[in-house]
Amino acid sequence: MLDAVVKRRLVFVTGKGGVGRTAATLALALAATRRKRRVLVVEVNPFGRMGEYLGDRTLGPEPLEVLPGLSAAAIVPDVILEGFLAGFLRFRRLAHRLLESTSFRAVAAAAPGLEDFLTLLEIARWERARAGLRRPRFDLVLVDAPATGHSVPLLGTPRSLLKMLPFGPLARSARDLALLLDDPARTAAVLVALPEEMAVNESLELATALMRLGVAILPPVVNAVAPLRFTRAEGRRLTAEPPDLPPGLARYAAAGRFSLARQRAAERQIRRLGEGLDARPFLLPQVPAHPFGPASVEQLADAFAGAGAARPRRRAS
Amino acid sequence: MSGVSPLRRAGAGTAANGALASILARQRLIVCVGSGGVGKTTIAAAIGIAAARRGRRTAVLTIDPARRLQDALGIRTSAGVPHRVTLPPPPAPPGGSLDAMILDTKRTFDGLIRRYAPSPEAAERVLQNRIYQSLSSALAGSQEYMAMERMHELVEEGGYDLLVVDTPPTHHALDFFEAPDRLSALLSSRAAAIFQNPALVLTGEGSRLAQTLLAAVLRGLERFTGLTLLRELADLAGGLDEYSEGFRARAAAVAGMLRAPATSYVLVTTPEPARVAETLALRRELVRSGLPVSGLVLNRTLPAEVALPPAPDVVPPLASPPDLALARKLVAVHRRYVHVWEQERAQIAALAEAVAPAPSVELPLEPVEPTTLARLAALAERLLQP
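Those protein sequences? They're chains C and R, same order as listed. So the first sequence is residues 19 to 335, counted in our numbering. So the second sequence is residues 1382 to 1767, counted in our numbering.
If you are wondering where the hints come from, they were derived from the structure by calculation, not from laboratory data. Think of the CB as a built atom: it goes at the ideal place given N, C-alpha and C, for glycine as much as any other residue.
In silico EDC-like links for lysine to aspartate or glutamate, alpha-carbon gap of 20 Å or less:
1. R/Lys1487 - R/Glu1502
2. R/Lys1710 - R/Glu1686
3. R/Lys1710 - C/Asp262
4. R/Lys1710 - C/Glu285
5. C/Lys181 - C/Asp200
6. C/Lys54 - C/Glu316
7. R/Lys1710 - C/Glu252
8. R/Lys1487 - R/Glu1534
Some chain R residues close to chain C (C-beta under 8 Å, calculated; not the full set):
9. Glu1686
10. Ala1708
11. Lys1710
Extracted from the complex, chain C is given alone in its bound form:
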């Protein structure tokens, strides 16, 4: 999983709302820094919680190094719009004045896909950014992309824009973007799901939509998989009538059966996801969610890094 990610330059992490995209993005990023990659994570959702997960950092439009080798930035629509207008009008003050006008904001809101387009341009700018002559500033740009409903239009923006504006400088940028997004060697998407039927349904639909857009898809990530598993024999004992439990544990029968039923349902969905995408899903263990902070991210990064990998900060004991 991590191998496939660190080979790319630009990876979009997407999936159904509430499946833990932000957590998975940060964990992948952290795991990649342990492979000596300089990583930038980009938060697209203006109401996102990436800063919180990083230990209450405030993310801004400029990349900020939050951990050794890991930088984070947030897409701020007003800032990229102002930057775009300034480049266009040549006067930042004028751009600023325009942005203050409510009527202009209405006009800008009506320009279909403008914000999405500018978001992608900004992401591509970071992907291209250099530190020095040849070295890229970031080896890997990981995007905490919006949920399914918005990710598909976002990634489809260059193409829809090309349909509307086949010529001119905007069209050139759109074509460059489409080339970047379509290039499986540079760009890919990671789908995050939960081991639940509806989340898996949505992942399968999302995969179809992304493939249609020409975006390469890496093996999916299933988040919040319960680490505890009952074996087959234990399952038989729990479901026997009456349950065949160790002496003194009859009170735990309901808890055991419930957990077993959830485990079986989850395994069914993980299998379905794997078959549907023809790839082996990567399973992320459930970690304590409240509060979800840097320690939780690190636990997930451990999982991505794998058992044999170096774990510099943890496991010292």
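Given the structure of chain C, go ahead and fit chain R onto it with the hints provided.
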């Protein structure tokens, strides 16, 4: 109807389920509100089934772009069109039925254009405009606006006793309810005039130099973009200008519907602390804008029986290694459930207190998701049964 229902367990008002039933029996519009991923669509479907079972001619409109209700109700192919749901036995009483449909934003928008167009030719001009074509499905707020429009149409002209809708996941509840206002503001004549002469943006705010400069630069926009984007926008805005009266009247009618006494808002949430905090914020926003909450559905709460207090008696020594392994797992599983249960109870108590006297209903988590009609119907029973 029985007066007091036996409490299955301590906690948020299981006794109040009867009150939810009376909302189903009385109201004309029920709007399910909640954060993303809490099961709004599922609950909307279950409420629809429950109402049909009570003899009401019911429709469920889902706005969910992920089309989850379609899976359960079997309406995968017919976007925008009502689909009669065949309810599992027992049969609904006479008059009781359920139609389900998915919002088709573009189709609803097209319908609105046709309705208010001064002539069929004028309507065609707008419908053929390329900017309109992408705007009608992509414009922020248009989905919400069209949901409102379709709700109004179904309530007024659909011939239903009750319409149940789920709302799209928004960061703020009011993004949804204010969308009509925002869209009509956009379509107002001032915005239209700006499309035609973008320099008007600076009228009254800028120096003459700035205005002249901007006008010149914007005139260059067409050359820059290499296409007649601005002219098409102006055409569209000019075209839509003729509709703004109709749109405004419609927005006012929709606003009236949202505040009508026959309209109820049901909050849907799961008991995780983060969701509960969002739900409390949503409730405050709704109340502040005069949209009172008439019920709370707590979805996917942990069943009480999995979190029984641990046995006080001494556990006898375990003989075999398999017994030991299973015992360790059971104890671990149980300990986790007890922890979750305690956390949930505190959250649920805070929520129930916040929405009181509106009723709260708990729907316990099932090992398997309610993605089939039979399971949805069972959920509907739970909504109504004490």
